[in-house]
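> Based on the provided sequences and hints, a complete structural model is requested.
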Amino acid sequence: VDEEVIDFCKDKSSVLVIEEGQPNYIEQALAEIFVRNGVKARLHGKDVLPEYGEYKVEQIKQGMSQFLDQRQEKPQRMTLIDRRGASGEGKAAALPARPPGLCTGCPERPLLSSILLLQNEVGKIHVNSDIGCHSFSVLPPFNLGNTILGYGLSAASASALQDKSGSRKSITIMGDGGFWHNGLTTGVASAAFNDNDNIFVIVDNGYSAATGGQDIPSSADNLAVEKGRNVSIEKAVQSVGVKHVKKVHTYNIPHVLDTIRLAMLSKETGPKVIIAEGECMLNRQRREKPKMLRKIDEGKRVIKSRFYVDERTCTGDHACIRLSGCPSLTVRENPSPLRDDPVAYVNNSCVGCGVCGEVAHAAVLCPSFSRVDLINNPSRWDRWIGRLRQAVVSYLQDRRMRAAERA
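According to this note's numbering, the sequence shown is numbered sequentially starting from 1.
Don't take every hint at face value.
[To be verified] With a Cα cut of at most 30 angstroms, we get these calculated DSS-like pairs of lysine-lysine:
| # | residue 1 | residue 2 |
| --- | --- | --- |
| 1 | 124 | 40 |
| 2 | 12 | 56 |
| 3 | 247 | 235 |
| 4 | 246 | 235 |
| 5 | 40 | 12 |
| 6 | 289 | 124 |
| 7 | 304 | 289 |
| 8 | 247 | 304 |
| 9 | 291 | 304 |
| 10 | 46 | 12 |
| 11 | 247 | 267 |
| 12 | 300 | 247 |
| 13 | 246 | 267 |
| 14 | 267 | 291 |
Rather than coming from a laboratory, the hints here were simulated on the basis of the structure.
In structure tokens form, the structure reads like this:
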């Protein structure tokens with residue numbers, strides 16, 4: 001690193017370091033490198049930029065202005081800043097809003113979609129949210145989450161909503177990280193002790209995903225298993241007295257919907273815990289993508305699933321977008337001159353989780369979603385099947401055209 005810094009700065013007269021926060025570790029380290037290696041460039045940083053707080057566009061612009069004020073050819077430099085500012089304002093106005101949301105293929109998306117579908121049946125449900133990726137459930141398109149008390153405290157906050165008549169149950173959503181942090185002791189154990197008749201959904205994605213994918217007691221990776229540190233969430237909740245415990249796979253939307261519905265209608269007293277399993281897609285892609293690329297380079301057969309929307313049959317209902325909010329789903333102009341509604345479109349960031357099609361079918365029968373398997377390094381059988389399918393499709397299309405000509 002030192003050599004790269006020296007090589008970059010040796011022919012510079014001044015260097016500006018933009019570093020948020022205190023202490024300014026990077027600026028101090030660079031100053032030491034400059035002195036130790038005789039680099040003559042003047043170093044600037046906290047002398048022209050705020051010593052603390054977040055650096056936004058205005059703070060950085062003011063700091064750069066002060067930095068450039070000390071240089072020669074000031075009029076030319078300042079003109080450059082003004083032009084960049086003007087062009088930046090124009091681009092900012094043209095860019096669409098990008099609110100925070102769940103990642104493409106996130107296993108928590110189908111869970112939230114299932115709760116949305118359930119609300120269409122039973123009416124509004126009070127949802128106790130927690131800190132984690134699922135905190136984005138409070139934003140569109142889900143708009144779920146009436147309260148967020150703190151990390152692992154959603155189950156504890158549900159105690160205030162206990163309805164002894166059993167006519168209305170609230171749903172608590174908690175991540176596995178929050179569960180191990182204090183949700184088990186302050187929430188689930190207390191709910192079992194007090195016969196709290198609410199529903200507790202624990203999202204088991206295998207990691208503390210929102211903070212970067214750190215391992216937790218229930219992580220199922222090889223390191224945790226080898227060390228004997230893998231702890232079962234199911235056994236943990238059963239050990240504190242919970243009798244109603246169900247496990248579901250989040251991507252199976254009909255099963256998730258049925259499980260939550262049964263818990264909502266159950267006459268059994270006591271907390272109903274549903275463990276929603278689905279590995280964090282970011283961590284899964286970090287592990288699987290390098291393996292897939294190596295196999296492709298080695299000439300091995302690799303299948304990648306993708307979903308697409310048939311523009312000719314898309315009705316423009318957009319239930320797939322409204323109920324999932326997947327970043328891979330967008331809209332484009334309708335190719336039909338007889339229809340004005342834009343059609344749904346799946347872009348290239350799709351990871352093939354299938355939630356968009358599942359949720360569209362669960363909401364309303366949608367014929368426009370299809371899955372395509374992309375085969376890298378296809379075998380002879382794959383090529384033969386592909387040619388056969390193409391021949392059959394061509395024959396059927398030709399027959400249809402001949403029938404139209406005869407008519």
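> State for each hint whether it applies.
Okay, the hints, checked on the actual structure:
1. Pair hint residue 124 plus residue 40 does not hold up; C-alpha atoms about 67 angstroms apart against a cutoff of 30 angstroms.
2. At most 30 angstroms may separate the alpha-carbon atoms for a hinted pair to count; residue 12 and residue 56 meet this at roughly 26 angstroms.
3. Distance hint between residue 247 and residue 235 is fulfilled; the C-alpha atoms sit about 12 angstroms from each other, no more than 30 angstroms.
4. The straight-line distance between the Cα atoms of residue 246 and residue 235 is roughly 12 angstroms, inside the 30 angstroms bound, and the hint therefore holds.
5. Between residue 40 and residue 12, the direct Cα distance comes to roughly 8 angstroms. Compliance with the 30 angstroms bound is thereby established for this hinted pair.
6. Of the pairs offered as hints, the one joining residue 289 and residue 124 is violated, with about 40 angstroms between alpha carbons and a cut-off of 30 angstroms exceeded.
7. Distance hint between residue 304 and residue 289 is fulfilled; the C-alpha atoms sit about 11 angstroms from each other, no more than 30 angstroms.
8. About 28 angstroms separates the Cα atoms of residue 247 and residue 304, which keeps this hinted pair within 30 angstroms; it holds.
9. With a CA separation close to 13 angstroms, the supplied pair residue 291 and residue 304 stays within the 30 angstroms bound.
10. Between residue 46 and residue 12, the direct Cα distance comes to roughly 19 angstroms. Compliance with the 30 angstroms bound is thereby established for this hinted pair.
11. Between the alpha carbons of residue 247 and residue 267 the distance comes to roughly 19 angstroms, so the proposed pair stays at or under 30 angstroms and holds.
12. Distance check on the hinted pair: residue 300 and residue 247 sit about 35 angstroms apart at the alpha-carbon level, beyond 30 angstroms; violated.
13. Among the hinted pairs, residue 246 with residue 267 is consistent with the structure: their alpha-carbon atoms are about 16 angstroms apart, no more than 30 angstroms.
14. At most 30 angstroms may separate the alpha-carbon atoms for a hinted pair to count; residue 267 and residue 291 exceed this at roughly 48 angstroms.
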